[in-house]
Amino acid sequence: MKFFLRFILILVLGFFALKFLPFWSVALVAFAVGLLLSKERKRRMFGKNPAPPFSFWAGFLAMFILWGTMAFLSDHQNASLLSNKIAQLLTQSDQPVAYGSYAMILTSALIGALLGGFGALSGNLLGEALKG
Amino acid sequence: MRWVKFFISFLITTALIWLCISPISPATFSIGRFFNPFEGFWQNASSTQEVSKETVELPGLQAPVEVVIDERQVPHLFAQNIEDLSFMQGYVTAKDRLWQMEFQVFAAGGRLTELVGRGPNDAVLKLDRQSRRQGMVMGAKNAQKEAMKNDSTRKVLQAYTKGVNAYISELSYGDLPLEYKLLNYRPEPWSTLKTALLLKYMANTLAARASDITNTNGLSTWGRETFNLLYPERLYEESPIIPEKARPRFARRNWSAWDFEAEPQPPIPPQYTPDSLLLPTNLLNQADRNIGSNNWAVSGSKSATGRPLLASDPHLGLNLPSIWYEIQLNAPEVNVYGVSLPGAPGVMIGFNDSIAWGVTNAGRDVMDFYRIQFRDHSREEYLFDGRWMKSQQKIDTFYIKGGEVFYDTIIHTHIGPVMFDRNFGEYQVPLAVRWMAHDPSNEALTFLKLNQANNYKDYTAALADYQCPAQNFVFASNSGDIAIWQQGKFVNKWPEQGRFVLDGSRPDQMWDHYIPQTHNPHILNPARGFVSSANQHPADESYPYYYNGSFEGYRNRRINELLLKDTVSVEDMKAFQQDNYSIMAQDVLPLMLNDLDSANLSTEEQQVVGELKRWEYLFDADKAAPVIFQRWWDILYKSIWEDEFKAVEVPLTWPKVTTTISLLRDSLSFRFFDNLETPTVKETRVDLINAAFKQAMRELKKEYGGMKNWQWAKYKGTQIIHLARQKAFSRYNIPIGGYRYILNATSKQHGPSWRMVVALGDKVEAYGVYPGGQSGNVGSVNFDDFIDDWAAGNYFKLLFMQNPQDAQAQKVMSIRYE
Numbered sequence: 002m003k004f005f006l007r008f009i010l011i012l013v014l015g016f017f018a019l020k021f022l023p024f025w026s027v028a029l030v031a032f033a034v035g036l037l038l039s040k041e042r043k044r045r046m047f048g049k050n051p052a053p054p055f056s057f058w059a060g061f062l063a064m065f066i067l068w069g070t071m072a073f074l075s076d077h078q079n080a081s082l083l084s085n086k087i088a089q090l091l092t093q094s095d096q097p098v099a100y101g102s103y104a105m106i107l108t109s110a111l112i113g114a115l116l117g118g119f120g121a122l123s124g125n126l127l128g129e130a131l132k133g
Numbered sequence: 000m001r002w003v004k005f006f007i008s009f010l011i012t013t014a015l016i017w018l019c020i021s022p023i024s025p026a027t028f029s030i031g032r033f034f035n036p037f038e039g040f041w042q043n044a045s046s047t048q049e050v051s052k053e054t055v056e057l058p059g060l061q062a063p064v065e066v067v068i069d070e071r072q073v074p075h076l077f078a079q080n081i082e083d084l085s086f087m088q089g090y091v092t093a094k095d096r097l098w099q100m101e102f103q104v105f106a107a108g109g110r111l112t113e114l115v116g117r118g119p120n121d122a123v124l125k126l127d128r129q130s131r132r133q134g135m136v137m138g139a140k141n142a143q144k145e146a147m148k149n150d151s152t153r154k155v156l157q158a159y160t161k162g163v164n165a166y167i168s169e170l171s172y173g174d175l176p177l178e179y180k181l182l183n184y185r186p187e188p189w190s191t192l193k194t195a196l197l198l199k200y201m202a203n204t205l206a207a208r209a210s211d212i213t214n215t216n217g218l219s220t221w222g223r224e225t226f227n228l229l230y231p232e233r234l235y236e237e238s239p240i241i242p243e244k245a246r247p248r249f250a251r252r253n254w255s256a257w258d259f260e261a262e263p264q265p266p267i268p269p270q271y272t273p274d275s276l277l278l279p280t281n282l283l284n285q286a287d288r289n290i291g292s293n294n295w296a297v298s299g300s301k302s303a304t305g306r307p308l309l310a311s312d313p314h315l316g317l318n319l320p321s322i323w324y325e326i327q328l329n330a331p332e333v334n335v336y337g338v339s340l341p342g343a344p345g346v347m348i349g350f351n352d353s354i355a356w357g358v359t360n361a362g363r364d365v366m367d368f369y370r371i372q373f374r375d376h377s378r379e380e381y382l383f384d385g386r387w388m389k390s391q392q393k394i395d396t397f398y399i400k401g402g403e404v405f406y407d408t409i410i411h412t413h414i415g416p417v418m419f420d421r422n423f424g425e426y427q428v429p430l431a432v433r434w435m436a437h438d439p440s441n442e443a444l445t446f447l448k449l450n451q452a453n454n455y456k457d458y459t460a461a462l463a464d465y466q467c468p469a470q471n472f473v474f475a476s477n478s479g480d481i482a483i484w485q486q487g488k489f490v491n492k493w494p495e496q497g498r499f500v501l502d503g504s505r506p507d508q509m510w511d512h513y514i515p516q517t518h519n520p521h522i523l524n525p526a527r528g529f530v531s532s533a534n535q536h537p538a539d540e541s542y543p544y545y546y547n548g549s550f551e552g553y554r555n556r557r558i559n560e561l562l563l564k565d566t567v568s569v570e571d572m573k574a575f576q577q578d579n580y581s582i583m584a585q586d587v588l589p590l591m592l593n594d595l596d597s598a599n600l601s602t603e604e605q606q607v608v609g610e611l612k613r614w615e616y617l618f619d620a621d622k623a624a625p626v627i628f629q630r631w632w633d634i635l636y637k638s639i640w641e642d643e644f645k646a647v648e649v650p651l652t653w654p655k656v657t658t659t660i661s662l663l664r665d666s667l668s669f670r671f672f673d674n675l676e677t678p679t680v681k682e683t684r685v686d687l688i689n690a691a692f693k694q695a696m697r698e699l700k701k702e703y704g705g706m707k708n709w710q711w712a713k714y715k716g717t718q719i720i721h722l723a724r725q726k727a728f729s730r731y732n733i734p735i736g737g738y739r740y741i742l743n744a745t746s747k748q749h750g751p752s753w754r755m756v757v758a759l760g761d762k763v764e765a766y767g768v769y770p771g772g773q774s775g776n777v778g779s780v781n782f783d784d785f786i787d788d789w790a791a792g793n794y795f796k797l798l799f800m801q802n803p804q805d806a807q808a809q810k811v812m813s814i815r816y817e
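Residue numbers (our numbering), protein chains in the order written: chain P, 2 to 133; chain F, 0 to 817.
Just so you know, the hints here were simulated from the structure itself, not pulled from any lab data. Treat the hints with caution; some may be incorrect.
[Claimed, not checked] For the chain P half of the interface with chain F, some residues (derived, Cβ under 10 Å), not all of them:
id, residue
1, A33
2, N79
3, N125
[Claimed, not checked] In silico BS3-like links for lysine-lysine, alpha-carbon gap of 30 Å or less:
id, chain 1, residue 1, chain 2, residue 2
4, F, K148, F, K488
5, F, K448, F, K700
6, P, K20, F, K94
7, F, K448, F, K573
8, P, K3, F, K655
9, F, K144, F, K393
10, P, K20, F, K125
11, F, K94, F, K301
12, P, K20, F, K161
13, F, K301, F, K125
14, F, K301, F, K796
15, F, K148, F, K125
Keep in mind that this is a model prediction, so the values were computed, not measured. By construction, the Cβ of each residue, glycine as well, lies at the ideal position given by its N, Cα and C atoms.
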């Protein structure tokens with residue numbers, strides 16, 4: 002439940018933030034959610050045993066799904082024309098790259114995921130550090 | 000402890016963000032931005048168009064404009080006045096081709112280093128410096144000023160600029176064309192100067208070939224007699240644009256084939272050849288001398304339809320996005336369809352309801368170099384006509400991507416900018432350049448008038464002030480006229496003026512007199528029923544003015560032969576454009592086969608010879624014979640010239656193919672046949688031909704295996720390269736035949752950049768294709784969708800609409816801008 006809350010918040014808020022802000026807003030949003038939902042604040046608010054900090058994975062998964070899905074949708078309506086060319090471009094290869102489009106979708110998803118994961122983790126750890 | 004954990008994580012996060020933000024190198028993108036699906040390259044992954052109809056608000060228009068975009072993504076613009084039409088042309092062209100427009104203009108203006116850095120070995124910086132020293136920007140400024148003086152062109156150019164800028168102002172980062180994201184920069188506002196620069200970019204491609212430097216070196220190296228043998232000005236067989244006129248049997252004493260009284264030739268200055276001058280470097284990046292084009296028109300009497308037919312296929316370097324952009328422009332004053340140049344308004348090659356026209360390059364020399372004598376090391380004064388003139392020193396700034404700045408001091412004289420000097424090209428003797436493209440002129444007006452022309456009179460009026468780059472304008476009208484006119488501004492030269500570097504201190508070597516425009520070679524409705532041009536000599540030696548340049552010797556003969564056909568149909572016109580027959584092979588192969596020592600050939604070689612003997616000189620995509628012929632010829636050609644030429648340390652041009660063939664035919668033991676690297680043997684033509692054949696066989700066997708593996712199109716490997724030279728965005732190994740000296744002039748990187756056939760009549764019908772696509776977006780299906788059809792020889796029927804609701808329109812999108 003705690004995990005799911007973080008996850009959904011980061012995904013939804015991230016989606017709206019990215020419409021207006023540059024890519025690093027991913028980390029920002031994840032950071033904010035991580036901070037606000039950190040163990041200490043939860044303890045103060047709900048008085049229960051704090052949940053294990055799945056912050057990193059919540060942020061990671063949220064952004065992986067957000068960026069991955071957006072990339073996939075773009076790729077699909079384009080019949081993978083562009084992603085294959087980008088894959089070839091980035092590897093500077095002479096021939097089109099096998100599974101190039103999947104690689105591009107995966108790369109986008111991973112970059113977003115890493116930013117989201119570490120952002121969420123940082124926010125959570127800040128929350129922890131502030132408690133004392 | 001918790002704080003430590005936090006700081007570590009925070010540090011990692013920050014590091015990641017920094018890594019994703021910073022560009023990988025100054026000229027490339029930042030990872031985070033690039034892969035972000037909301038903003039990065041995914042935004043350029045466009046979907047295939049849906050049929051739709053919508054209204055869009057576009058401030059800047061005086062009245063609504065209807066834009067119909069057909070299934071090939073060709074925009075058809077219907078405006079209510081010329082200004083809105085030009086505005087809209089700027090807007091839609093920018094929508095499809097913004098990056099290309101800007102990139103070409105940066106190249107013309109010597110600003111490529113801003114986008115891509117210095118380049119390997121400073122190659123890009125050198126090219127930029129050359130562009131500025133050649134006077135590209137100076138010429139563009141002069142042209143722009145001139146265009147602003149004329150009401151029509153001023154309005155059109157300003158409106159076009161506003162249209163482009165209206166599009167640019169709509170772009171957020173996510174909307175930017177992919178190349179901006181990749182190279183990490185943003186578009187600049189467009190300007191009328193940039194349109195002028197774009198036109199100079201074309202002038203540079205077509206009219207900046209200059210052999211002055213290599214001719215001077217050649218003369219100094221070989222001496223006059225040999226020089227004349229290596230570089231004759233006329234060809235062994237010509238078929239000029241204006242057909243020779245036979246002298247009538249009872250002609251007047253002063254009969255001339257020409258219907259005008261020529262201006263007197265300027266006096267030949269004494270001692271005009273520079274005495275044993277050797278120049279260290281040549282111009283960089285000279286346009287391939289095989290860049291040429293075909294065009295022709297057939298009169299109603301010869302045409303299967305009873306009305307004139309016109310064909311035009313310009314040959315240029317093949318790139319993506321294509322140099323051309325199809326468009327239809329309609330307003331009360333005009334209804335024209337054809338190809339436009341992204342960055343300039345109007346249609347450059349095309350047709351309207353009454354006429355059709357096309358262009359080929361004239362190939363005449365309009366760029367000369369002058370030795371400048373400075374008074375001293377300061378270069379503040381130079382000698383002219385016995386007096387010291389003041390020079391102007393201007394410092395040009397080059398911004399190199401990454402922050403560096405480079406300064407180049409360029410000296411200007413009244414002749415032109417000093418292009419080569421001790422700072423550029425390692426020249427001890429500085430050379431100033433005089434180029435026709437420097438002079439104020441208004442080329443845009445010519446095309447504006449052609450777009451609206453209705454008849455021959457309008458056509459001649461449109462051409463009257465056209466200066467540079469000189470072109471052969473072919474013309475056909477509904478009413479039955481066909482014509483051709485070699486139009487440009489040309490110097491009235493004394494013989495050989497411009498072949499060699501000239502003396503900038505002597506007034507008798509300047510450009511003082513010009514050939515009157517009406518004396519340019521032209522013809523209307525000739526008896527033979529057709530007009531044509533393929534970059535050959537404009538006229539025979541009876542033409543009363545001297546000119547020099549680089550001229551074709553084969554494609555012209557072929558088309559003039561084909562057009563002798565009694566009746567020519569539209570299908571014939573298309574077939575002629577794709578004709579793969581090589582008159583060059585026809586001229587030289589029999590001689591080569593004759594000299595072959597058949598006793599000394601292996602069985603395999605005999606088989607190949609058999610194939611060559613059966614071959615009908617067709618460079619078809621799937622044939623083996625062209626492969627062995629071409630390799631054999633290339634080795635032979637090289638073996639004649641390489642030994643002598645590479646021994647010389649200054650730049651020289653090897654003699655033309657026509658000259659080489661002529662020398663092969665005329666002599667067995669021409670001194671250049673001897674291979675200098677075998678001092679004990681004196682080779683003859685026969686030796687070279689046999690050796691070349693053997694070598695060709697060895698090489699081909701090694702590279703491809705036996706003859707059954709030889710395929711002309713695969714061997715040739717025609718490719719179309721993206722302007723930013725990215726393999727992933729380019730196309731390779733296009734299955735198409737043809738080659739140099741052939742009507743289907745498709746070589747490895749050059750070829751017919753547009754093929755158009757127009758059938759005039761009560762209702763004009765036209766067919767066209769170019770090797771590319773309307774969209775400049777690499778991620779679009781319309782980026783290169785025409786290439787396969789172009790290679791296969793297919794033409795699209797061009798959709799020439801009369802109004803936005805035209806029933807034949809297979810509409811994809813209809814947008815009303817107001």
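Going down the list of hints, with the structure as the test:
Among the interface hints, the one on P/A33 is violated; its C-beta lies about 13 Å from the nearest C-beta in chain F, farther than the 10 Å criterion. A hinted interface residue such as P/N79 counts as satisfied when its beta carbon comes closer than 10 Å to some beta carbon of chain F; here the least separation is about 4 Å, so the hint holds. A least Cβ separation of about 8 Å between P/N125 and chain F falls short of the 10 Å threshold, and the interface hint therefore holds. Restraint check for F/K148 and F/K488: satisfied, since their Cα atoms lie roughly 20 Å apart, inside the 30 Å limit.
For the suggested pair F/K448 and F/K700, the alpha carbons sit about 56 Å apart, so the restraint of at most 30 Å is broken. A hinted pair counts as satisfied when its Cα atoms are at most 30 Å apart, and P/K20 with F/K94 qualifies at roughly 22 Å. With a C-alpha separation of about 28 Å, the suggested pairing of F/K448 with F/K573 holds against the 30 Å cut-off. A distance of roughly 80 Å separates the Cα atoms of P/K3 and F/K655; the hinted pair therefore is violated under the 30 Å criterion.
Straight-line distance between C-alpha atoms of F/K144 and F/K393 comes to about 20 Å, which keeps the hinted pair within the 30 Å bound. In summary, the hint linking P/K20 to F/K125 is not supported, as the alpha carbons are separated by about 43 Å, beyond the 30 Å threshold. Proximity of F/K94 to F/K301 is assessed by CA-CA distance (about 43 Å); at most 30 Å being required, the pair is judged violated. Distance hint between P/K20 and F/K161 is fulfilled; the C-alpha atoms sit about 29 Å from each other, no more than 30 Å.
In summary, the hint linking F/K301 to F/K125 is not supported, as the alpha carbons are separated by about 52 Å, beyond the 30 Å threshold. For the suggested pair F/K301 and F/K796, the alpha carbons sit about 23 Å apart, so the restraint of at most 30 Å is met. Annotation: proposed proximity of F/K148 to F/K125 is violated, straight-line Cα distance about 34 Å (limit 30 Å).
Hints 1, 5, 8, 10, 11, 13 and 15 from the list above are not met by this structure, while the remaining hints are.
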